[in-house]
Amino acid sequence: GEDVEQSLFLSVREGDSSVINCTYTDSSSTYLYWYKQEPGAGLQLLTYIFSNMDMKQDQRLTVLLNKKDKHLSLRIADTQTGDSAIYFCAESITDSWGKLQFGAGTQVVVTP
Amino acid sequence: DTGVSQDPRHKITKRGQNVTFRCDPISEHNRLYWYRQTLGQGPEFLTYFQNEAQLEKSRLLSDRFSAERPKGSFSTLEIQRTEQGDSAMYLCASSLAVLGEPLHFGNGTRLTVT
Numbered sequence: 001g002e003d004v005e006q007s008l009f010l011s012v013r014e015g016d017s018s019v020i021n022c023t024y025t026d027s028s029s030t031y032l033y034w035y036k037q038e039p040g041a042g043l044q045l046l047t048y049i050f051s052n053m054d055m056k057q058d059q060r061l062t063v064l065l066n067k068k069d070k071h072l073s074l075r076i077a078d079t080q081t082g083d084s085a086i087y088f089c090a091e092s093i094t095d096s097w098g099k100l101q102f103g104a105g106t107q108v109v110v111t112p
Numbered sequence: 001d002t003g004v005s006q007d008p009r010h011k012i013t014k015r016g017q018n019v020t021f022r023c024d025p026i027s028e029h030n031r032l033y034w035y036r037q038t039l040g041q042g043p044e045f046l047t048y049f050q051n052e053a054q055l056e057k058s059r060l061l062s063d064r065f066s067a068e069r070p071k072g073s074f075s076t077l078e079i080q081r082t083e084q085g086d087s088a089m090y091l092c093a094s095s096l097a098v099l100g101e102p103l104h105f106g107n108g109t110r111l112t113v114t
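If you read the sequences in order, they're chains A and B. Anchor point for the first sequence: position 61 equals 61 in my numbering, and the numbering is continuous, going up by one each time. Anchor point for the second sequence: position 102 equals 102 in my numbering, and the numbering is continuous, going up by one each time.
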């Protein structure tokens with residue numbers, strides 16, 4: 001199967017860290033992506049990780065991948081009100097690597 | 001690089017009418033994708049092109065849907081005889097044809113069928 005699951009909602013205080021979790025089922029996934037979507041807009045690529053990596057850091061973003069448990073997380077340090085959005089994780093598979101399988105998204109609300 | 005551009009941003013149509021959407025990818029990208037997103041869900045793959053060749057179509061793409069990319073640059077997605085269930089955000093994305101290259105999405109066309 002090719003299901004990607006995410007928790008639906010996360011509330012976080014401004015300045016705290018946010019952690020958004022994702023699980024996937026396809027063991028042949030090669031790349032995993034995080035996208036951000038603001039209301040009425042398209043998807044903005046945040047970061048991505050190759051499946052042979054455990055961690056990737058990019059400024060305030062840290063991606064952790066546990067391939068054994070098929071678990072992916074995105075940590076946002078020093079969360080700001082502008083980080084309020086829906087966050088999607090997505091997986092691609094070697095044989096169809098442009099055909100992404102998305103989760104339903106996690107709505108992150110940042111409160112002052 | 002102006003990013004992926006989609007037109008129109010919004011389209012309201014009556015059931016049974018035909019609609020056409022356009023996507024202009026990032027200029028050096030030879031892959032172009034169409035996805036559909038309904039409220040509260042993640043995007044779902046519809047089809048993709050490499051240059052002008054349509055390489056894969058999802059079973060979600062009924063025979064009322066047709067996509068073209070005649071010169072390997074912009075693409076159009078046409079929906080014939082629209083139904084209320086076609087109401088969704090239609091997203092276009094592009095990428096280089098290199099394994100792992102991420103997809104870059106446009107802002108989408110929101111279709112409402114009344």
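Hint data in this document are derived by calculation from the structure and do not stem from the laboratory. Computed from a predicted model, the values in this text were never measured in an experiment. Virtual Cβ for every residue (Gly too), placed ideally from N, Cα, C. Just so you know, not all the hints are guaranteed correct.
[Claimed, not checked] Pairs of lysine-lysine residues, derived as PhoX-like cross-links and limited to a Cα-Cα distance of at most 25 Å, are as follows: (1) LYS99(A) <-> LYS67(A); (2) LYS36(A) <-> LYS56(A); (3) LYS99(A) <-> LYS71(B); (4) LYS99(A) <-> LYS57(B); (5) LYS68(A) <-> LYS56(A); (6) LYS56(A) <-> LYS99(A); (7) LYS70(A) <-> LYS99(A); (8) LYS56(A) <-> LYS67(A); (9) LYS36(A) <-> LYS11(B).
[Unchecked claim] For each label pair, taking beta carbons as the anchor points, the in silico distance ranges come out as: (10) GLY3(B) <-> PRO39(A): 15 to 21 Å; (11) GLN41(B) <-> GLY82(A): 21 to 27 Å; (12) ARG60(A) <-> GLN54(B): 37 to 43 Å; (13) THR13(B) <-> GLN80(A): 36 to 42 Å.
Going down the list of hints, with the structure as the test:
1. LYS99(A) <-> LYS67(A): Since the Cα atoms of LYS99(A) and LYS67(A) sit roughly 20 Å apart, the hinted pair holds (cutoff 25 Å).
2. LYS36(A) <-> LYS56(A): Roughly 17 Å separates the two Cα atoms, so the pair holds.
3. LYS99(A) <-> LYS71(B): Satisfied, since the Cα-Cα distance of roughly 22 Å is no more than 25 Å.
4. LYS99(A) <-> LYS57(B): This hinted pair holds, its Cα atoms lying about 10 Å apart.
5. LYS68(A) <-> LYS56(A): holds, 17 Å
6. LYS56(A) <-> LYS99(A): holds, 23 Å
7. LYS70(A) <-> LYS99(A): Given pair LYS70(A), LYS99(A) holds - Cα atoms ~19 Å apart, limit 25 Å.
8. LYS56(A) <-> LYS67(A): Cα-Cα ~14 Å, so holds.
9. LYS36(A) <-> LYS11(B): With a Cα-Cα distance of about 24 Å, the restraint between LYS36(A) and LYS11(B) holds, given a limit of 25 Å.
10. GLY3(B) <-> PRO39(A): 15 to 21 Å: Roughly 18 Å apart at Cβ, these two residues keep to the hinted range, so it holds.
11. GLN41(B) <-> GLY82(A): 21 to 27 Å: holds, 24 Å
12. ARG60(A) <-> GLN54(B): 37 to 43 Å: holds, 39 Å
13. THR13(B) <-> GLN80(A): 36 to 42 Å: For GLN80(A) against THR13(B), whose Cβ atoms are near 39 Å apart, the range 36 to 42 Å holds.
When the structure is compared with the earlier hints, no violation turns up for any of them.
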